[in-house]
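A.B. asks: Which chain is which? The protein sequence lines are F and B, in order. Taking our numbering, the leading residue of the first sequence gets 135, the next gets one more, and so forth. Taking our numbering, the leading residue of the second sequence gets 7, the next gets one more, and so forth.
Since the hints were made in silico from the structure, they are not lab data. What you are looking at is a predicted structure, and each value in this text was computed from that prediction instead of being measured. Cβ atoms here follow ideal geometry from the backbone N, Cα and C, with glycine treated the same way. Just so you know, not all the hints are guaranteed correct.
[Unchecked claim] Lysine-lysine pairs mimicking DSSO-like chemistry, simulated, CA-CA at most 27 angstroms apart:
#1 F:Lys176 with B:Lys114
#2 B:Lys42 with B:Lys73
#3 F:Lys176 with B:Lys42
#4 F:Lys175 with F:Lys189
#5 B:Lys104 with F:Lys176
[Stated by the list, open to error] Residues from chain B that face chain F, not an exhaustive set, calculated with beta carbons under 10 angstroms:
#6 Val10
#7 Val25
#8 Thr29
#9 Tyr39
#10 Gly46
#11 Gly88
#12 Ile92
#13 Leu105
#14 Phe107
#15 Gln112
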Amino acid sequence: GAVVSQHPSRVICKSGTSVKIECRSLDFQATTMFWYRQFPKKSLMLMATSNEGSKATYEQGVEKDKFLINHASLTLSTLTVTSAHPEDSSFYICSALGRNTGELFFGEGSRLTVL
Amino acid sequence: GEDVEQSLFLSVREGDSSVINCTYTDSSSTYLYWYKQEPGAGLQLLTYIFSNMDMKQDQRLTVLLNKKDKHLSLRIADTQTGDSAIYFCAESPGGGNKLTFGTGTQLKVEL
Numbered sequence: 135g136a137v138v139s140q141h142p143s144r145v146i147c148k149s150g151t152s153v154k155i156e157c158r159s160l161d162f163q164a165t166t167m168f169w170y171r172q173f174p175k176k177s178l179m180l181m182a183t184s185n186e187g188s189k190a191t192y193e194q195g196v197e198k199d200k201f202l203i204n205h206a207s208l209t210l211s212t213l214t215v216t217s218a219h220p221e222d223s224s225f226y227i228c229s230a231l232g233r234n235t236g237e238l239f240f241g242e243g244s245r246l247t248v249l
Numbered sequence: 007g008e009d010v011e012q013s014l015f016l017s018v019r020e021g022d023s024s025v026i027n028c029t030y031t032d033s034s035s036t037y038l039y040w041y042k043q044e045p046g047a048g049l050q051l052l053t054y055i056f057s058n059m060d061m062k063q064d065q066r067l068t069v070l071l072n073k074k075d076k077h078l079s080l081r082i083a084d085t086q087t088g089d090s091a092i093y094f095c096a097e098s099p100g101g102g103n104k105l106t107f108g109t110g111t112q113l114k115v116e117l
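Starting from the given sequences, assemble the full structure and let the hints guide the process.
C.D. replies: Listed below in structure tokens is the structure:
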């Protein structure tokens, strides 16, 4: 079946550094990808919608300068957490919408820990 | 309110049936979903139901939908230890692909 891969699966960084997380659709093209954030023992909160070749649409309360999203191709979207702080520590999950099938597939998630 | 509500915990014995409940908010949701999340992992789509259906059965899984009450449930028959995970219901407001997730139910299966 269709697979969405996230990399890295785990990352630890120092406060003040930037971290990039990749979301790839491995065997299908995705015109739209979604980025979610999950706090411990909490639900997933949609951060932004990423459309290939255009600017991402951010949900209310999400800082677009803090969480940079790039969707440069039909198989790759990236989320960059800039000047990370400990409160940015979280589990980030992407999902990809199949261009031809309209099906939605989720990645395995990336756990970010900011020291 | 805006939240999709689920009970936080459910504990069952192996072999029993599990019923996980969800109250959603948006009556325009075309599809309603159930996802499973194992520890440290992403989301796995278990099943979904179209909004004009009352029930859907898929092997050990049965989804019941009460549109009037905006209530969705997932029944897992013959629950196994491998079913231990967090289960999220999700709605698709306006019928789109931006999902709103429930708060998640932690299912613990005991021997």
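A.B. asks: Determine for every hint whether it applies to the structure shown.
C.D. replies: Now for the hints, and whether the structure bears them out:
1. Proximity of Lys176 (chain F) to Lys114 (chain B) is assessed by CA-CA distance (about 17 angstroms); at most 27 angstroms being required, the pair is judged to hold.
2. Between the alpha carbons of Lys42 (chain B) and Lys73 (chain B) the distance comes to roughly 23 angstroms, so the proposed pair stays at or under 27 angstroms and holds.
3. With a C-alpha separation of about 14 angstroms, the suggested pairing of Lys176 (chain F) with Lys42 (chain B) holds against the 27 angstroms cut-off.
4. Restraint check: the Cα-Cα separation between Lys175 (chain F) and Lys189 (chain F) comes to about 31 angstroms, which exceeds 27 angstroms; the hinted pair is violated.
5. At most 27 angstroms may separate the alpha-carbon atoms for a hinted pair to count; Lys104 (chain B) and Lys176 (chain F) meet this at roughly 18 angstroms.
6. For Val10 (chain B), the interface hint holds, the least distance from its beta-carbon to any beta-carbon of chain F being 8 angstroms, beneath 10 angstroms.
7. The restraint placing Val25 (chain B) at the interface with chain F is violated, with a minimum CB-CB distance near 20 angstroms, outside the 10 angstroms limit.
8. About 14 angstroms separates the beta-carbon of Thr29 (chain B) from the nearest beta-carbon of chain F, more than 10 angstroms, and the hint is not met.
9. Interface restraint check for Tyr39 (chain B): the shortest CB-CB distance to chain F comes to about 9 angstroms, inside 10 angstroms, so the restraint holds.
10. At about 7 angstroms, the closest approach between the beta carbon of Gly46 (chain B) and any beta carbon in chain F falls short of 10 angstroms, and the interface hint on this residue holds.
11. Evaluation of the Gly88 (chain B) hint against chain F yields a violated restraint, the C-beta minimum of about 18 angstroms exceeding 10 angstroms.
12. Annotation: Ile92 (chain B) was flagged as interfacial toward chain F, and the flag holds, the nearest CB pair being 9 angstroms apart, inside 10 angstroms.
13. Satisfaction of the interface hint for Leu105 (chain B) is found here, the shortest Cβ-Cβ separation to chain F being roughly 7 angstroms, below the 10 angstroms cut-off.
14. Here the hint on Phe107 (chain B) is kept, as its CB sits about 5 angstroms from the closest CB of chain F, short of 10 angstroms.
15. Given the 10 angstroms rule on beta carbons, the hint for Gln112 (chain B) holds: about 8 angstroms separates it from the nearest Cβ of chain F.
Consistency with the previously given hints fails for numbers 4, 7, 8, 11, ordered from lowest to highest.
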